[in-house]
Amino acid sequence: MKAMRDDLHVLTGSYALDAVSDAERGDFERHLQRCPVCEAEVRGLRETAARLALACAMTPPARMERRVLAAAYQTRQLPPLSAGRPRRAPLPSRALPSRLAFPRWPLPRWLAVLAAAASVAAAVMLGINQLSAQHQLDQARATAIARVVTAPDAHVETARVGAGGTVTVVTSAALREAVVSASGMAPLLSSRVYQVWVMSPSGARSAGLMHRSSLLAAVRPGDRIGITVEPAGGTARPTTTPVAVLPV
Amino acid sequence: MSRPEIRRWQPEPDQETLPLDLATLLSQVARGDHRAFELVYAELSGPVYGVVRQVLRDPAQSEEVAQEVLLEIWRTASRFDPDRGSATAWALTIAHRRAVDRVRSENACSRREQKAAEPEPGEDDVVETVAATLEYQRVRRCMDGLTGLQRESIELAYYSGYSYPQVAQLLGVALGTVKTRIRDGLIRMRDCMEVTW
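Residue numbers (our numbering), protein chains in the order written: chain A, 72 to 319; chain U, 38 to 234.
No wet-lab data here; the hints were simulated from the structure. For each residue, glycine too, the CB sits at the ideal point set by N, CA and C. Take the hints with a grain of salt, since some may be wrong.
Stated by the list, open to error - Here are some of the chain U residues that sit facing chain A, going by a computed Cβ distance under 10 Å:
no., residue
1, 68
2, 96
3, 220
What the hints assert, rightly or not - Not everything, but these chain U residues come out facing chain A in the computed CB check (under 10 Å):
no., residue
4, 74
5, 83
6, 112
7, 116
8, 199
Here chain A stands alone, though its shape is the one from the complex:
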């Protein structure tokens, strides 16, 4: 009995990584209900596994959001478990059939979309040349940014901004380039913008207005990256105290 329990306890890691068979999972979950020590360990290991997952985050295709939201709003949600029962719902994995039918758009919607598409087609044709030029630029920029982020010598710095948000600077000394990206920054009035600066002992040079990610060229060791709030359109020199300063 003791031997068997030890054997089961060793399974905490494999269970947290979903590396057990369905039968073993069932046995182990029954064991967990009687073993608070195992349960505590599983929690920590499951959080650890989540970090392994976060390390491979990837942007899904844009169409996925529309599909998921449309499907969700046509799907009834489960009620909470009744208060009388212990709140230990085993993770819901088998609760759904493994393949859900995602609703295709109903026909009238398609027709509406087609009609709308036809009416804007001419307008689109007019703009398409500029658009594809812009698209190529965006592609080139995205590729250049990806090159820095994935460089073997990529060095990462992050800083929290007081008013909210995070700024991350990834620098490749070999490429002499840096990528600045921001997320969750506090919204500004329409008369204000965030502006990025490369700051060196000889002064600050503008790296343009803040995008979600900006590529900075000719970055030297010892430079610092600053972000300030400036009047719309940006300025030639920083006029306010930076909300964030990061080393490269």
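Given the coordinates of chain A, work out where chain U should sit on it, guided by the hints.
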């Protein structure tokens, strides 16, 4: 040209309040709040899709499974219990388990041709990549502290979706050894990344 950039930073009309943490958002989702679910989607779709894709590889299947996972998050939000772990771990456990279920329930890939086109790289991808790069570097650094066998066992089990008997076979070691290495390695990762649960 600068106009869209300026507008990007303005608050949306219905978004005066700052985003809440995931656990709070999930409790709102459980009450059927669409806006909260959109925020949850924004927060979790990248990690969910990424881990599913890591295990399944095939983009079309990964998209399908990631959709199922996100829908399940909507459906079962009321079952999330903040006393038992973080919202992120709850969601990513669902994601990983579903990806593994898919691998084990079929000869992956044989069923369908790769139908979904690869998403084109854009700005959002880069932001996602930067965030993942940060987490990746942390994970990598901690992985470096493991023994070779611990590291390989964890990678084969988690990232490739193999069961521990399959891992044992691939590495040519005893079952008990793999179970122990996975557990010891994960415990070391937990301590190295200062996971607090």
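Comparing the hints with the structure gives:
Because the closest C-beta pair between residue 68 of chain U and chain A is about 9 Å apart, less than 10 Å, the hint holds. Against a cut-off of 10 Å between C-beta atoms, the interface hint on residue 96 of chain U holds, since the closest Cβ of chain A lies about 8 Å away. Hint status for residue 220 of chain U relative to chain A: holds, with the closest Cβ pair at about 3 Å, below 10 Å. At about 6 Å, the closest approach between the beta carbon of residue 74 of chain U and any beta carbon in chain A falls short of 10 Å, and the interface hint on this residue holds.
A hinted interface residue such as residue 83 of chain U counts as satisfied when its beta carbon comes closer than 10 Å to some beta carbon of chain A; here the least separation is about 4 Å, so the hint holds. For residue 112 of chain U, the interface hint holds, since its Cβ comes within 10 Å of a Cβ in chain A; the closest pair sits about 5 Å apart. About 4 Å separates the beta-carbon of residue 116 of chain U from the nearest beta-carbon of chain A, less than 10 Å, and the hint is met. The interface hint given for residue 199 of chain U is met, as the beta carbon of that residue sits about 7 Å from the closest beta carbon of chain A, less than 10 Å.
The structure fails none of the hints (numbered hints given earlier).
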